[in-house]
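Peer 1: The primary structure of each chain is shown beneath.
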Amino acid sequence: MTNLIDIKGVRHAYRTKAGPLPVLDGLDVAVPEGEFCAVVGPSGCGKSTLTRLIAGLMVPDAGEVWLHGERVTGPRKTVGMAFQNPVLLEWRTILDNVILPLEIVAPRMPRADREARAMTLLKMVGLDGFEGKRPSELSGGMRQRASLCRAIVHKPDVLIMDEPFGALDNFTREDLWQTMRDLRAAEPFTCVLITHDLRESVFLGDQVVVLSGRPARTQAVLNVDLPADRTLDILYEPKAQEMLHYLRDQIRVAQGRDGH
Amino acid sequence: METLQKIAVPIGAVLIFLGLWEGLVWVNNWPNYKMASPSDLPPAFWKFRWLFLEMGWQTLWRTVLGLGLAVLFGTLLGMIMGFSRIARDGLYPLLVGFNAIPKATLVPVISLIFIGAHDFNTVLMAFLISFFPIAVSVGIGLSTLEPEYRDILRSLGASRFTIFTKIALPKTLPEFFGALKVSVTLAFIGTNLVEIVSPHGRGLGALFKSGETNGDYPLMFAVLIALAVLGIVLYYGVLVLERIFAGWAERGAT
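So the protein sequences, as listed, match chains A and B.
For the record, in the first sequence the residue sitting at position 90 is 90 according to my numbering, with numbers rising by one throughout.
For the record, in the second sequence the residue sitting at position 130 is 130 according to my numbering, with numbers rising by one throughout.
Read the hints as simulated data drawn from the structure, not as lab findings.
Each hint should be verified, as a subset may be incorrect.
As the list claims (entries may be wrong) - Using C-beta positions, here's what the derived DEER-type ranges look like:
(1) B:G157 - A:G126: 29 to 35 Å
(2) A:G132 - B:V229: 51 to 57 Å
(3) A:G126 - B:L239: 37 to 43 Å
(4) A:G74 - B:Y235: 44 to 50 Å
(5) A:E70 - B:L72: 43 to 49 Å
C-beta atoms are modelled at their ideal positions from N, C-alpha and C, and glycine is treated no differently.
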């Protein structure tokens, strides 16, 4: 099976006043088509840099980023992005926010088709009835749902998410996990999720990549062999608990602390 | 009830203000060359009604034209400063220095460069005095755009121009209108400055000056009131535009 995303030996350093600051050094990630890859690691280890590399917003100093068998050298229309900040446009309604990528990717698509596509997604995430509202009229969880719809409205090959649920309270976050699971069941896409939440990585991921402290390399890859139609209860079962313990230990190593 | 209150309270406040003014003049028994009272004003307005209309129009169109130029130039300058760090570093000290010059000192300079071009000089001053807040606010609005906003479109391969029209421009509109409310008042001051100082000027400022020269004190006060009214009209004009173009930035009553 060929991989949709292939990151091989990527090295990157930011130029700062104090000299080059290496953030990635020996990063390898491979994500087969349709798989969900969760990336965890200590704070400031270069996880966000990884998202910008896959999206083609940056080119690494060394190493290769491949998408769909093509070397990534710049932005492409087949990518969707979601961030911790939902970055909805306040002057547009929720519906028009979701449509935004279609205006760039498919400028000749009729307005009615765009709306129909956006409404399908809004229904899926439980936002039907809110399409005419402004973002400021919605709660944080609802805004993030709208942001997810916008990220996949143009049917991207890859959805890249940088801690999209990081600013939400725990119960809202768990709701969003389930929404995410249902979205993937309805329309498959390959996904890279950056997160700090180990439970999130196990609940959503097909594989969990642990990054080391800065400069980040691939420290461990955990295969999450749990069924696709997971419920929240699965996190409390021994198998998932074992994985969480393993990830916790890996994070400890990544942080440079061996003791407990 | 609420609408009644919205109309009645400001009108009541104006009436109380006029009453206090009238009372103050009456109690002190001031002659009208010391201070005219509100009751002196209607005759002054009536006597010079055609002049008020003509001069008011002069002041209005010059202010609006100067402000319009300031909007064009200020927005352009703000865009340059917002997108280019070098331009920002280079232009900022120049702009701040220019803005610090009291504009009254520019009146003789301008009128010497463009002798006799009264209309042109007036519009020029309205423009010079009012473009600064617009340039600064647009520049800051653009340069503080969160990178994520740019990334959602850039990751789709959108051009800089598309990102500007779809995101950066609408996002800076609230700041732009905030600055425009300051600028409209400044432009008005600029117009009147030239009108008052220039010999053989036109506009409400010149009418004020002629009242002073002829010792017609009620006329001078009447001009002041006319200026206040015109200033209010201009300010609310901007407010209406803001409602239309940046109404989304207003949160509902909470």
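Peer 1: Could you run down the list of hints and mark each one as holding or not?
Peer 2: Verification of the supplied hints:
Between G157 (chain B) and G126 (chain A) the beta carbon distance is about 31 Å. The supplied range of 29 to 35 Å therefore holds. For the hinted restraint 51 to 57 Å between G132 (chain A) and V229 (chain B), the CB-CB distance of approximately 40 Å leaves it violated. Distance hint check for G126 (chain A) and L239 (chain B): the Cβ-Cβ separation is about 38 Å, which falls inside the suggested range of 37 to 43 Å. Against the hinted window of 44 to 50 Å, the Cβ-Cβ separation of G74 (chain A) and Y235 (chain B) comes to about 47 Å, which satisfies the hint.
For E70 (chain A) and L72 (chain B), the Cβ-Cβ distance of about 44 Å falls inside the hinted range of 43 to 49 Å, so the restraint holds.
When each numbered hint is compared with the structure, a violation occurs for hint 2 only.
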